[in-house]
Amino acid sequence: MSEAVPEALQIEVTPAAGSSPVFVILAGEMDIVSTAAFVDSMTELERSSPDRVVIDVAGLSFIDSSGINALVQAARMVEARGGRAVLAAPAAHVLRVFEITRVGELVSIAGDRDEALRLAAAPPGPAAPADER
Amino acid sequence: MTAPSVDEIPREPSDGLDAVFGRRASTFRRRLAASALAATVILVVLGSFFAWKQYEDGKDKALTDMRTRVVLGATVFDTYFAGQIATLNSIAAAPSVVDMDTKRMAAYFKNIQSHGQGAQPLFTGGLGWLDRDGNSRVSDRFPNGSGSNVSDRAYFKAVKATGKPYISAGLVTRIGQRRVVIMAVPTRDAKGRFSGALIGALQLRQSGTSQRANDLGFEDLVVIDRAGQQVTSGSFARPENAGLLGRVRKGNGVLGDTTGLNGDKDRVVAYANSIAPRWTIALDRSRATVLAAARRSFVIEMISILVAAAIVLAIVGWAIARSRREIAAEQEQVRRWDELTQSLGEASAAAEVSAALGSSLATAFPRAHVLVALQDDEGGRFTVWTFGGGDAGPLDRRLPGLPEILRLGYLSSSPLRITQPAAVGTVLAKVSKSLEPMPGSIYALPMHSAAGRTIGSVTLLLPQDEVLHGTDEALVAAHTDYAARALSRARHSEREHDVAIALQRSLLPDELPVVEGLGLAGRYNAGAVGLEVGGDWYDAVRRPDGVVLFTVGDVAGRGVSAAVLMGQLRNSFRALSYEHTSPAEIARRLTALVPENAMATATVLALDPYTGELRYTSAGHPPSLLLDGVSGEVTLLDKAPAPPLGWTETRWIREARLTLRSRMTLLAYTDGLVERRGLAIDDGIARAADALRLRPERGAEDTADALLETFVQPSAASDDVALFVLQLDDVPATFQVEIPADPLVVRQLRARLKGWLARRGLTDEQTADTVLAVSEACNNAIEHGYGGDHGTIRITIEHHAGVLRITVEDDGTWKAVRSDPTRGRGMLIMNRTMDSATVASAPTGTRVDLELHLAP
Numbered sequence: 108m109s110e111a112v113p114e115a116l117q118i119e120v121t122p123a124a125g126s127s128p129v130f131v132i133l134a135g136e137m138d139i140v141s142t143a144a145f146v147d148s149m150t151e152l153e154r155s156s157p158d159r160v161v162i163d164v165a166g167l168s169f170i171d172s173s174g175i176n177a178l179v180q181a182a183r184m185v186e187a188r189g190g191r192a193v194l195a196a197p198a199a200h201v202l203r204v205f206e207i208t209r210v211g212e213l214v215s216i217a218g219d220r221d222e223a224l225r226l227a228a229a230p231p232g233p234a235a236p237a238d239e240r
Numbered sequence: 003m004t005a006p007s008v009d010e011i012p013r014e015p016s017d018g019l020d021a022v023f024g025r026r027a028s029t030f031r032r033r034l035a036a037s038a039l040a041a042t043v044i045l046v047v048l049g050s051f052f053a054w055k056q057y058e059d060g061k062d063k064a065l066t067d068m069r070t071r072v073v074l075g076a077t078v079f080d081t082y083f084a085g086q087i088a089t090l091n092s093i094a095a096a097p098s099v100v101d102m103d104t105k106r107m108a109a110y111f112k113n114i115q116s117h118g119q120g121a122q123p124l125f126t127g128g129l130g131w132l133d134r135d136g137n138s139r140v141s142d143r144f145p146n147g148s149g150s151n152v153s154d155r156a157y158f159k160a161v162k163a164t165g166k167p168y169i170s171a172g173l174v175t176r177i178g179q180r181r182v183v184i185m186a187v188p189t190r191d192a193k194g195r196f197s198g199a200l201i202g203a204l205q206l207r208q209s210g211t212s213q214r215a216n217d218l219g220f221e222d223l224v225v226i227d228r229a230g231q232q233v234t235s236g237s238f239a240r241p242e243n244a245g246l247l248g249r250v251r252k253g254n255g256v257l258g259d260t261t262g263l264n265g266d267k268d269r270v271v272a273y274a275n276s277i278a279p280r281w282t283i284a285l286d287r288s289r290a291t292v293l294a295a296a297r298r299s300f301v302i303e304m305i306s307i308l309v310a311a312a313i314v315l316a317i318v319g320w321a322i323a324r325s326r327r328e329i330a331a332e333q334e335q336v337r338r339w340d341e342l343t344q345s346l347g348e349a350s351a352a353a354e355v356s357a358a359l360g361s362s363l364a365t366a367f368p369r370a371h372v373l374v375a376l377q378d379d380e381g382g383r384f385t386v387w388t389f390g391g392g393d394a395g396p397l398d399r400r401l402p403g404l405p406e407i408l409r410l411g412y413l414s415s416s417p418l419r420i421t422q423p424a425a426v427g428t429v430l431a432k433v434s435k436s437l438e439p440m441p442g443s444i445y446a447l448p449m450h451s452a453a454g455r456t457i458g459s460v461t462l463l464l465p466q467d468e469v470l471h472g473t474d475e476a477l478v479a480a481h482t483d484y485a486a487r488a489l490s491r492a493r494h495s496e497r498e499h500d501v502a503i504a505l506q507r508s509l510l511p512d513e514l515p516v517v518e519g520l521g522l523a524g525r526y527n528a529g530a531v532g533l534e535v536g537g538d539w540y541d542a543v544r545r546p547d548g549v550v551l552f553t554v555g556d557v558a559g560r561g562v563s564a565a566v567l568m569g570q571l572r573n574s575f576r577a578l579s580y581e582h583t584s585p586a587e588i589a590r591r592l593t594a595l596v597p598e599n600a601m602a603t604a605t606v607l608a609l610d611p612y613t614g615e616l617r618y619t620s621a622g623h624p625p626s627l628l629l630d631g632v633s634g635e636v637t638l639l640d641k642a643p644a645p646p647l648g649w650t651e652t653r654w655i656r657e658a659r660l661t662l663r664s665r666m667t668l669l670a671y672t673d674g675l676v677e678r679r680g681l682a683i684d685d686g687i688a689r690a691a692d693a694l695r696l697r698p699e700r701g702a703e704d705t706a707d708a709l710l711e712t713f714v715q716p717s718a719a720s721d722d723v724a725l726f727v728l729q730l731d732d733v734p735a736t737f738q739v740e741i742p743a744d745p746l747v748v749r750q751l752r753a754r755l756k757g758w759l760a761r762r763g764l765t766d767e768q769t770a771d772t773v774l775a776v777s778e779a780c781n782n783a784i785e786h787g788y789g790g791d792h793g794t795i796r797i798t799i800e801h802h803a804g805v806l807r808i809t810v811e812d813d814g815t816w817k818a819v820r821s822d823p824t825r826g827r828g829m830l831i832m833n834r835t836m837d838s839a840t841v842a843s844a845p846t847g848t849r850v851d852l853e854l855h856l857a858p
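Residue numbers (the working numbering), protein chains in the order written: chain A, 108 to 240; chain B, 3 to 858.
A few of these clues could be false.
Claimed, not checked - Derived lysine to any residue pairs resembling SDA-like cross-links, with alpha carbons at most 25 Å apart:
| no. | chain 1 | residue 1 | chain 2 | residue 2 |
| --- | --- | --- | --- | --- |
| 1 | B | 756 | A | 207 |
| 2 | B | 105 | B | 42 |
| 3 | B | 756 | A | 147 |
| 4 | B | 756 | A | 165 |
| 5 | B | 112 | B | 53 |
| 6 | B | 756 | A | 166 |
| 7 | B | 756 | A | 148 |
| 8 | B | 756 | A | 202 |
In short, the hints are calculated from the structure, not lab data.
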């Protein structure tokens with residue numbers, strides 16, 4: 108397949124690095140390929156170490172286990188240094204994947220951005236241990 | 003592929019055939035007749051000319067003759083008178099005359115007169131002496147003188163006055179009243195004094211009476227004296243034509259066409275003048291008399307010439323008439339020959355050659371049975387054809403015994419003629435029941451190929467009263483020979499064409515891929531036999547990922563180069579179709595293959611049978627047709643046009659997309675299908691659309707056959723045609739693809755899978771779960787099976803009886819990263835989204851089986 112494949116995942120970080128809270132807005136497909144870009148973006152964001160990060164997944168049309176992994180790892184990275192990360196506004200099919208993979212046990216999930224901001228202001232949680240087989 | 007076209011078939015008969023048909027002979031005869039005619043005309047003209055010249059010469063001669071005669075006559079008169087004057091002078095010197103002694107003179111005169119020529123006296127009118135006073139003193143008839151005095155006469159006066167001799171005009175004597183001419187000389191006494199005149203008279207007779215004069219050619223002699231009197235007429239009458247008299251008084255000459263001395267018309271007058279008597283001698287004759295001889299000979303000559311010419315013309319006319327009949331017969335033969343050559347020229351098989359030969363001979367010999375036997379190409383089996391037979395019709399070609407009869411000619415090295423009734427009966431014994439009436443003779447001859455091999459025979463069974471003449475035999479031989487040559491050529495052409503077709507077919511797909519939910523049919527029609535093979539092609543490839551790529555194209559031109567380029571393009575299409583799913587991308591690469599001096603048109607289409615998505619491009623190719631079997635609507639796929647391959651720039655090649663539904667039929671074709679002489683190509687496309695519309699319910703194969711049948715006339719010298727029909731049945735129940743272990747491809751696969759599942763009627767949630775599970779299984783294969791290396795993933799999804807059964811296989815060795823805490827989520831997803839999920843690993847690969855029950 109030599110055809111040019113459009114970027115499957117669009118990543119928008121707002122506002123600019125240095126402020127807090129930071130919104131990471133994801134749209135498109137989060138699969139084994141496109142997660143790399145997300146990981147890069149998050150690594151870049153960590154340099155400014157924002158204490159509150161809201162990852163908006165409302166625009167995701169698809170997410171698979173690699174996407175889940177990337178989201179979980181990003182959230183843990185933020186929280187490992189004492190910050191707060193919240194996944195915000197998943198669509199039904201994304202939420203279903205979150206539920207299947209019990210992401211909620213590892214990362215806070217908010218129904219919308221407002222809730223996400225509230226959760227981000229709260230102390231780190233949920234504190235339940237990750238389901239790691 | 004150099005099969006001769008129809009035009010190249012030799013039309014000129016050989017020299018032998020020319021001789022047979024006598025074209026040259028008839029031409030020669032025609033020319034001969036024309037030459038004879040021309041020669042005759044020239045002969046008549048020349049003969050007439052010379053006859054006329056001769057006639058003119060004859061006229062001149064006759065005139066000259068007349069002139070000669072009068073000149074001669076004049077000279078005779080001169081001589082006569084000179085002689086007579088001289089005689090008178092000598093008499094005047096005689097002593098008796100000098101002494102004027104009349105008695106002695108009388109005796110002397112009498113003596114002289116008696117010494118004339120024969121019975122004639124010297125002076126026919128008499129001889130006498132006049133004294134100085136003009137008294138007649140003595141004469142031969144009157145010794146003492148006549149007693150008359152002539153002193154008043156002109157001749158006496160002239161002699162007395164001049165003392166010289168004198169010849170009078172014609173006059174009448176006073177004594178005796180005789181018509182005479184007087185010659186007078188003076189006499190002198192001893193002292194030389196004038197003593198009187200001695201006169202001699204010439205008695206005149208009417209001319210034309212003397213037989214002797216007539217014998218000498220002096221009939222119609224006219225003598226005119228110095229006074230203008232005609233001394234030859236009884237009354238000294240003067241000519242009535244005074245004008246002519248004036249003209250003839252001097253010199254000599256001939257007047258060929260004039261009014262005569264007596265005023266008669268159409269006279270010839272020859273004249274001369276005698277000096278001494280000053281007389282004019284003339285011949286005055288009618289022209290008819292003078293020219294009679296010349297005219298007579300001219301008429302005789304002309305009659306001879308015309309009779310000769312008439313004879314020659316009659317002979318020539320007969321020859322021409324005969325030649326014309328022969329030419330008509332020859333033209334009939336030539337016409338038959340042309341018919342034969344024409345039908346043989348079109349022949350491309352033994353059957354056609356034999357049919358042409360047989361029907362031609364049957365036409366020439368309508369009552370004969372014509373039997374043709376031909377060996378097949380390998381020199382083995384015979385095939386027999388029968389023709390003619392008159393009213394009874396041809397014999398049954400399967401009649402037992404026929405082959406034995408046909409073998410006669412085959413085994414004979416030269417034409418064979420059987421006329422003996424017994425022999426004919428023996429030969430035809432086995433078939434005699436079918437022959438009524440019994441033929442009278444058999445004529446059989448072998449057919450030889452150009453190489454001299456015997457390839458068949460021709461046999462004629464002729465009726466009792468029909469005999470083959472020499473030209474007939476030559477006709478049969480020539481037709482047979484030509485047919486044999488045509489057969490050799492036809493077989494050669496057939497072989498060539500067969501090779502070309504075989505090459506073409508070898509370059510076309512043996513079989514099309516079998517794709518669930520699709521009917522595919524391709525057709526290639528090579529056009530008329532004898533034409534070179536063209537460069538049309540079609541092909542279809544089912545990619546491992548399930549996408550079907552197909553193409554129809556047409557390399558401009560014919561023959562090997564076109565076929566070779568066609569092969570290259572087709573092979574390249576096959577190769578490219580494994581690398582690219584984009585028709586435009588494939589077309590862009592194909593155009594680079596077409597050399598500068600060549601051109602090809604092609605349409606390339608890609609159909610995903612699972613999603614129904616069609617992508618297409620056209621490089622100078624007629625638009626494909628899409629029939630919606632439900633609505634009956636036909637759409638032209640003309641949204642992505644580009645110039646032909648080899649001419650277009652790659653950037654001009656675009657592709658268009660649309661989504662097909664079940665019960666749609668797509669037709670791609672080459673222009674041979676829709677191009678007809680006298681028919682616009684748009685009309686042809688419209689006709690094809692109509693034909694397509696008529697058969698929405700038929701399968702792709704039937705549709706393709708029907709289209710070929712409708713649009714391609716097998717006999718016409720049509721262009722070759724390639725066509726490809728694709729028909730969409732129900733959405734396939736099985737999704738079966740093989741893709742590279744490439745995450746990007748898996749991403750595309752998700753979209754395709756989603757489309758298929760939706761078309762299969764799954765709910766959004768079921769669709770999303772299945773897509774997710776398959777994606778996870780693929781991720782597994784990519785990460786664990788190949789560890790990032792290139793490999794292949796095979797995905798099979800069966801939708802049957804409300805259950806989805808999914809198999810995802812790879813050939814990689816399982817690289818279990820058991821320590822990876824995140825990988826477990828993939829397995830978890832598969833387990834939770836599917837009703838069952840199992841992973842089976844083996845050294846040769848891993849297989850994931852998933853199952854989803856759809857029923858509520």
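Evaluated hints:
1. 756/B with 207/A: Holds, at roughly 20 Å.
2. 105/B with 42/B: Between residue 105/B and residue 42/B the Cα gap is close to 86 Å, so the pair fails against 25 Å, i.e. violated.
3. 756/B with 147/A: violated (29 Å)
4. 756/B with 165/A: Since the Cα atoms of residue 756/B and residue 165/A sit roughly 20 Å apart, the hinted pair holds (cutoff 25 Å).
5. 112/B with 53/B: Judged against 25 Å, a Cα distance of about 60 Å means the pair is violated.
6. 756/B with 166/A: With Cα atoms ~18 Å apart, residue 756/B and residue 166/A stay inside 25 Å; holds.
7. 756/B with 148/A: violated (29 Å)
8. 756/B with 202/A: holds (19 Å)
Hint violations for this structure: numbers 2, 3, 5 and 7, all remaining hints satisfied.
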